[in-house]
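Use the sequences and the hints to build the structure in full.
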Amino acid sequence: LSPCCCFTSFLFGDSLVDAGNNNYLFTLSKADSPPYGIDFTPSGGRPTGRFTNGRTIADIV
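Reading the sequence shown from the start, the letters are residues -16 to 44 in our numbering.
In short, the hints are calculated from the structure, not lab data.
Values in this document were obtained by computation on a predicted structure and should not be read as measured data.
Using N, Cα and C, we set each Cβ at its ideal position, and we do this for glycine too.
The list that follows gives simulated cross-link-like pairs (lysine to any residue, SDA-like), each with its CA atoms no further than 25 Å apart:
| # | residue 1 | residue 2 |
| --- | --- | --- |
| 1 | Lys13 | Pro25 |
| 2 | Lys13 | Phe23 |
| 3 | Lys13 | Pro30 |
| 4 | Lys13 | Thr31 |
| 5 | Lys13 | Ile40 |
| 6 | Lys13 | Gly37 |
| 7 | Lys13 | Gly3 |
| 8 | Lys13 | Arg29 |
| 9 | Lys13 | Gly27 |
| 10 | Lys13 | Thr39 |
| 11 | Lys13 | Asp(-3) |
| 12 | Lys13 | Gly32 |
| 13 | Lys13 | Ala41 |
| 14 | Lys13 | Thr35 |
| 15 | Lys13 | Arg38 |
| 16 | Lys13 | Gly28 |
| 17 | Lys13 | Ile43 |
| 18 | Lys13 | Phe34 |
| 19 | Lys13 | Phe(-5) |
| 20 | Lys13 | Ser26 |
| 21 | Lys13 | Asn36 |
| 22 | Lys13 | Thr24 |
| 23 | Lys13 | Asp42 |
| 24 | Lys13 | Leu(-6) |
Here are the computed distance ranges between Cβ atoms for each label pair:
| # | residue 1 | residue 2 | range |
| --- | --- | --- | --- |
| 25 | Thr10 | Cys(-12) | 35 to 43 Å |
| 26 | Pro(-14) | Phe9 | 42 to 50 Å |
| 27 | Pro17 | Cys(-13) | 41 to 49 Å |
| 28 | Gly37 | Lys13 | 13 to 21 Å |
| 29 | Ile21 | Pro(-14) | 36 to 44 Å |
| 30 | Pro(-14) | Gly27 | 31 to 39 Å |
| 31 | Asp42 | Tyr7 | 19 to 27 Å |
| 32 | Val44 | Ile21 | 17 to 25 Å |
| 33 | Thr24 | Thr(-9) | 19 to 27 Å |
| 34 | Gly28 | Asn6 | 15 to 23 Å |
Put into structure tokens, the structure is as follows:
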């Protein structure tokens, strides 16, 4: 097999690769306030609507 370049990744699965986002659902459980997003550098430490305070494996890959 010859080496190839891969520019796209599709990750399906569980909470290790999906941080979730429910900002458009009518629910009391929201992730758009601190501490969610404080360690996620692309957001500048602001809440991101993701149910994690940092990066997931999918963000790193």
